[in-house]
Amino acid sequence: MISRREFLQASVAASALYGISGYGNWGKLAAQQTLTQDDLLKFDTFGNLSIIHITDIHAHLKPIWFREPELNVGVGDVKGKPPHVVGKDFIEMFNLKPGSPEAYALTYEDFVALGKTYGQMGGMDRVATVVKAIKADRPDAILLDGGDTWHGSMTSYLTKGQDVVNVMNKLGVEAMTSHWEWTFGTDRVMEIVDGLPFPFLGQNIFDSEWDEPAEFPDYTWFERGGAKVAVIGQAFPYMPIANPGWMFPEYSFGIRDRRMQEMVDEVRAQGADLVVVLSHNGFDVDRQMASRVSGIDVILTGHTHDALPEPVIVGETLLIASGSHGKFVTRLDLDVRDGRMMGFRSKLIPIFSDVITPDAEMATLIDAERAPFKDQLEEVIGHTDSLLYRRGNFNGTWDDLICDAIMSERDTEIAMSPGVRWGASLMPGDAITREDIHSVTSMTYGQCYRTEMTGEFLKVVLEDVGDNLFNPDPYFQQGGDMVRMGGLGYKIDISKPIGERISNMTLLSTGDAIDPARSYTVGGWASVNEGTEGPQIWDVVENHIRKIGRVALSPNNSVEVTGL
Amino acid sequence: MFTRRDTMALGLGAATITLLPISVHAAADDAIAAYTGGASVTEGGVMITAPEIAENGNTVPISVEAPGAEEIAIYADGNPTPGVAVFKFGPAAGSHRASTRIRLGGTQDVVAVAKMPDGSFQQAAVEVKVTIGGCGG
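Going down the list, the sequences are from chains P and H. For the first sequence, my numbering begins at 1 and goes up steadily by one. For the second sequence, my numbering begins at 1 and goes up steadily by one.
Derived from the structure by calculation, the hints contain no laboratory data. Take every hint as true, because none was put in to throw you off.
Some but not every residue of chain H turned toward chain P, in silico, with C-beta under 8 Å:
hint : residue
1    : PRO51
2    : GLU55
3    : LYS129
Lysine to any residue pairs mimicking SDA-like chemistry, simulated, CA-CA at most 25 Å apart:
hint : chain 1 : residue 1 : chain 2 : residue 2
4    : H       : LYS88     : P       : ASP211
5    : P       : LYS491    : P       : THR521
6    : P       : LYS496    : H       : HIS25
7    : P       : LYS79     : H       : GLU127
8    : P       : LYS547    : P       : GLU379
9    : P       : LYS459    : P       : VAL75
10   : P       : LYS491    : P       : ASP512
11   : P       : LYS160    : P       : GLU533
12   : P       : LYS228    : P       : GLY172
13   : H       : LYS88     : P       : TRP210
14   : P       : LYS170    : P       : ASP140
15   : P       : LYS88     : P       : VAL561
16   : P       : LYS459    : H       : ASP109
17   : P       : LYS132    : P       : THR357
18   : P       : LYS459    : P       : MET407
19   : P       : LYS81     : P       : GLY99
20   : P       : LYS79     : P       : SER495
21   : P       : LYS97     : P       : ASP354
22   : P       : LYS496    : H       : VAL126
23   : P       : LYS97     : P       : PHE111
24   : P       : LYS496    : H       : ASP109
25   : P       : LYS496    : H       : GLY106
26   : P       : LYS459    : H       : ASN79
27   : P       : LYS88     : P       : ASN556
28   : P       : LYS459    : H       : GLY105
29   : P       : LYS135    : P       : PRO358
30   : P       : LYS496    : H       : GLU127
31   : H       : LYS88     : P       : GLU212
32   : P       : LYS459    : H       : ASN58
33   : P       : LYS459    : H       : GLU127
34   : P       : LYS42     : P       : THR117
35   : P       : LYS496    : H       : ALA125
36   : P       : LYS459    : H       : ASN56
37   : P       : LYS496    : H       : GLY105
38   : P       : LYS459    : H       : GLY106
39   : P       : LYS170    : P       : LYS374
40   : P       : LYS160    : P       : ASN529
Even glycine gets a Cβ: it sits at the ideal position worked out from N, Cα and C.
Generate coordinates for the entire structure from the input sequences, incorporating the hints supplied.
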C-alpha cells in the first residue's frame, strides 16, 4: 500500500516529468514559429477535480512586459529555496532550457532579446480563453482569485475598481481574498462586495473594535467532482501596517494561524474532503503557516508575485505560486477520494499574448471599460531608451526614474519610492504612455510629499524597511521589496539584525557621508498617513518625462549588498 | 526634530526606535522576580495570543490563557514600567483566560507568568514587533 506521503512524492516526480515533456519542446517550437495555443494548454486531465488559480493581476487587463526579479533573497531557513532562486539558478533548478519561452517567462535572463522573440504576456482576454479551454475539459473547475485584483491601473483608479470587477465577474471567479482592494476604503469595498456574485473571504479579517471575526466569510464550499471542497480565505495580514489603516479603520488583520487551524478543523468536522486555503500571505509566510497548521491540502499563495512551475510541498500541503499581472494561470488537477487528496498534476500556464487567441467577448468588455478614458490612457508622454522595470529586492530602473522625477520636480536632495512589487516593464525604444506611468504608480494615496529628515532618521527608515524584508522569521516579513532611494547610497548586510544592517550612507550629489545630525530635504510618495499633501506621483513623473523627452538611465550601483 | 507622530506622517519611511536599553529588560526581570518571590519559573503552560506585528503600538490586543492558574501576570519587558496587569481567577472560574489591550513603546517581548495552585510558576513570552515601515507588495 503506497502511503499518502509516498504518493505525493511520486506525483512530484510525475509532475516534473510532465514538465519536461510539456515544456522542453517549446524553444524548438518557437524557433520554428509553431508554438501554439494547444501546446500551452496541453494537459492530461487527472483525477476528479480541477482548480484554476489566478492572483495579483493588479488591474492589468491588457498584455504587458514583465521582467522577473534579478535579486530575490531568501533569509534563514529559506535561503536558496524557491521562490528565492532567480536567473540561471532558476533555469537549472527547474530544468528549463536557456532562451526558451519558459525561461523568458520565468526569469530575467536575456529579457530584452527574448522579449523580441516571444512578445508580451498576460491580458485578461487571453486569460479568458485559457479559463474557457480548461472548463471545456473540466466544466466544474473552480476558479479562484487570490486578490490584489482591483488596484493598480489608471482605469481601476478612475473607476474605483469597477472595470476589474466587471472583468473578473465575467471571467467567472467563484471566490476571492484581498489586499490592495482595501485601499479604496471601507465604503467602496462594501459597495463592491455587496454586488459580487461570489464570497469575499478572510478568516483573519477582524472587527478592530471588538477584536472578533468580522462579517466576511471565513470559508466557502464547493461540491465538485463528487468531493466536498472547503476554500478558506486568508487576506493580507499586515494590512493597516503596510497600507493606510485610516482607510479601513473598522478592520484588523494579522496572520492568526491558530484560528486558521480552528477553521481547518471546523471544515474537516463538517466533512470536507479537500481543504484549500486561498491566501494573500506571501510565499514564505504561507510556507511557515503550512508547517504550523495541519490538515491543509493546498495553499494557493499570493502577494509576493512568485511564479513557480511546480508546487512546493511542505509536509502534506501543496503550495501553488501563480505569478502576477495576468502573466500566468495555474491549473491544478487533483485526485480526491475517501476524504483525502491522493495525488495531483499541475501546470503553470504562461499567457503568451501573441500565441493565445483573445476571447472575443472579454476583449470587447475590456475595450468598453477603457473606451471613456482611451485618449488619456494612450497619450504618449515620452520614450525610453532604457529597459524600465521595478521587480527585485533593490532599485529597479522604473524607481530610479521615479526618484529622479521626485528630486527634480520637488527640488529635494533625496527621494524615496516604496518597494511595492507591482508595475509592468517597458522595453528599450518603447513609448511611455500615461497608462504606463500609472501601471507603476497608481494608488489612492499617491500624494508626493516634500519634507525634511535627519540623517539619523533616514537610517532608522532603511533599517526598519530592511527588517520587513530580511527578518529571518517569515511572520515578520511584510512581503514588499526594499524602499528605493534616490540621491542616497548605502551598504546593507542582510545577515545582520535590525539596527546593524545599514552602513556607509552617502549623499550621492556630494559624495559626503550622511550626517546623522543634519536635516536633508526628502521627497516621497505612498504615505500611509491621512492628510499627506502634495501633487499626485503620476503627475510628478509625467512632468519629468515630458521635460527630458527620452529616458536614458545610468546603471545604479548605489546600493551594495552583502551577507547573501 | 521628528516626533513619532511626524514619522508616521511619512508613511513608508516611518519607523520607531527598535532597540531597547538593557536596563529596561532588567526592570522586567526584577518585576517578575518580585512577583514570584524569587521562585523558579518553568517555561510553558501559558498561551499568549498577540499579533506578530502590532497594527497600532498604542493599543495592542493581548490574550493569555493558563489552564488551572490562580493568577496570570503580564509584563511588557521593553516598557519603562513593565508590569501591565495581574488577573486573578477564583475557584469557580470556568476558564483561566483574560484579554486586554496594552501599549508597547517599541518591539519587545510580552511575558505572561502564571501562578499555579501548588505555588509554582509557569511562563511564556512572545515578541511583538512595533513598526510602521514596510510596503505591501
